[in-house]
Amino acid sequence: MISIRDVSRRFESSDGSTIQALDTVSLDIRKHEFVSLVGPSGCGKSTLLRLVSGLMPPSSGEISIAGDPVREPRVDTGLVFQSPTLLPWASIEENLLFPLRMLRRPVDDAARQTAAELLELVGLGGYAGKRPSELSGGMQQRAAICRALMHDPETLLMDEPFGALDALTREEMSLELLRICAERPKTVIFVTHSISEAVLLSDRVVVMSARPGRVQAVIDVPLPRPRTFEMERSNDFQDRVEHIRDLIFSKRAAA
Amino acid sequence: MLAQSAAVPVLCLVGLFILWEAVVVIFQLPVFLLPAPSVIWTATTEHFGTLMGHTVVTFRTVMYGFIVSVAISLPLAVAITSSQWVANVIYPMLVLTQSIPKVALAPILVIALGANELPRIVVTFLVAFFPLVIAVATGLMAAPRELIELGRSYRGSTWQVLVRIKLPYAVPMIFSGLKVAITLSVVGAVVGEFVNADAGLGYFIVTSTAFFETPLAFSALIILSFMGVLLFQLVCIAERRLFPWSPGAGARIIA
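If you read the protein sequences in the order shown, they are chains A and B. Using the working numbering, the letters of the first sequence correspond one by one to residues 208 to 462. Using the working numbering, the letters of the second sequence correspond one by one to residues 477 to 731.
For the record, the hints were derived by calculation from the structure and aren't laboratory data. Hints are not guaranteed to be accurate.
What the hints assert, rightly or not - Residues from chain B that face chain A, not an exhaustive set, calculated with beta carbons under 10 Å:
| no. | residue |
| --- | --- |
| 1 | Pro620 |
| 2 | Glu625 |
| 3 | Leu626 |
| 4 | Gly627 |
| 5 | Arg628 |
| 6 | Ser629 |
| 7 | Arg631 |
| 8 | Gly632 |
| 9 | Gln636 |
| 10 | Val637 |
| 11 | Ile641 |
| 12 | Val647 |
| 13 | Phe719 |
Said to hold, decoys possible - If you want the ones that stay clear, here's a sample from chain B, every Cβ over 10 Å from chain A, calculated:
| no. | residue |
| --- | --- |
| 14 | Glu497 |
| 15 | Pro513 |
| 16 | Thr520 |
| 17 | His523 |
| 18 | Val544 |
| 19 | Asn564 |
| 20 | Ile566 |
| 21 | Glu593 |
| 22 | Ile610 |
| 23 | Phe688 |
To be verified - Pairwise CB distance ranges (calculated):
| no. | chain 1 | residue 1 | chain 2 | residue 2 | range |
| --- | --- | --- | --- | --- | --- |
| 24 | B | Gly590 | A | Gly336 | 54 to 60 Å |
| 25 | A | Gly336 | B | Thr685 | 55 to 61 Å |
| 26 | B | Leu489 | A | Val314 | 46 to 52 Å |
Idealized CB from N, CA, C, for every residue including glycine.
Chain A with its partners taken away, still in its complex shape:
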């Protein structure tokens, strides 16, 4: 459904030299598939996500979603960043309505109802009227995920969404995300630094190599769903985590 064809992206750095962030990356992602991007810092994971979101164009190659080339931000994608990036002056409900206001869609009772349901889904039922500063980091990030789901996008693009959370909250949020995806199936591209998180959540894990960013390997994770933390103890799970770790570090040692 998402097709990434020979995509490269170069940046002009401040001293005038060119940085090759992504080099001929090709990847096909099926509808409602959960794909994680892992790799060392500077491998272009976030860049790839921004290219898919249409926020920046590739230097060469083409990305298309459902057959349409991506040339600008699309209505059917939702973004989640590492920081919650909520509007500090607006209530949680207002923050959830923000995408609709930007998209110039009607903000009516139905929209408020959707917001209330989403907040209920992530356990923030009583927080619609609160300001972001009154919520913990984990709760803010949940609100940010709800915001990305407000306009019911087909695709969720998540850039290290749990990266700023503590370890316990992070595990809790992983389960939360699995539950959300089970209830409302989405195509998800998920950037993370945590290998076990990637394996736990994903149907496939894309391992990328550092500068220039290339697809080094694509690992299938055929574990059954719904996923649970107990699976982390299974050999299947551990083998995959080890395999991915070897891929990332052997490459680095060789370089």
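Starting from the known structure of chain A, arrange chain B on it as the hints suggest.
Just chain B, lined up with the frame of chain A:
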């Protein structure tokens, strides 16, 4: 709480006036050199009508100058932050207007614009607008990059991103700029009146001192300070009322 927070500065002020009175009495200072507060008070009450007439004239210049400053600074700051090219064109000119001594410019403006209120308003504007432009421009750049990307990902126009993200983020900075600008407007109006006026507190100080009516000059001076403090407080109250979430609204140290 308000009464309590006001009590300390009022007491300090009363103490200062008592000390002033005592110094004048003990050292038997001549009235034309330093009049005692009691003498100033008597002079003020005797010439109350005249003083109020001049106060209204100055107040009008201050307000016109301030309003023109706001009306020009906001769009100017938006233009500066919209592109590097515009910033490169406008910034040097802004700095140039600031390096010209306004007192020296005022007589030239009188020739160009006529001996009326207009050159005084222009001088007031020139004194007051610069810190406001800088504050608003800084504020407009305070919004996190990811939030702007989020706005763009929902296909938000430049205008929507400005109104829904950048401007609200700039509110605390805009108000700190407004606080400086309103105070400088009083300064600018008096500078204008020193050079060319047939009314206003600045004009009144010039004529009073010419006739060694020092108590009246002091009356005008004190009215000017009160005007500055009052207008400053009005800006603070406006910030608290209109934007209670602004960090500046809660900060009692500066507000």
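Checking the smallest CB distance to chain A, is B/Thr520 really beyond 10 Å?
44 Å, holds
10 Å Cβ clearance of B/Ile610 from chain A:
The claim stands: B/Ile610 keeps its Cβ more than 10 Å from every Cβ of chain A (closest is about 23 Å).
Quick check on B/Gln636 please, does its C-beta sit within 10 Å of some C-beta on chain A?
6 Å, holds
Against chain A, is B/Ser629 within 10 Å by beta-carbon distance?
Holds: closest Cβ of chain A sits about 5 Å from B/Ser629, inside 10 Å.
For the hint on B/Gly632, just tell me whether its beta-carbon gets within less than 10 Å of chain A.
4 Å, holds
Supplied distance hint 55 to 61 Å, evaluated on CB atoms of A/Gly336 and B/Thr685
At roughly 60 Å between Cβ atoms, B/Thr685 and A/Gly336 fall inside 55 to 61 Å, so the hint holds.
Does B/Glu625 hold up as a contact with chain A if the rule is Cβ-Cβ below 10 Å?
6 Å, holds
Status of the hint placing B/Leu626 at chain A (closest C-beta pair under 10 Å)
The hint holds - B/Leu626 has a Cβ within 10 Å of chain A, the shortest such distance being about 6 Å.
B/His523 clear of chain A by more than 10 Å, beta carbon to beta carbon?
Per Cβ check, B/His523 is outside 10 Å of chain A; nearest 48 Å; holds.
Beta-carbon spacing of B/Gly590 to A/Gly336 - inside the hinted bounds 54 to 60 Å or not
57 Å, holds
Interface hint check: B/Val647, Cβ to nearest Cβ on chain A, cutoff 10 Å. Holds or violated?
Since the shortest Cβ distance to chain A is 8 Å, the answer is holds.
Supplied contact hint for B/Phe719, tested at 10 Å Cβ to chain A:
8 Å, holds
Of the numbered hints listed earlier, not one is contradicted by the structure.
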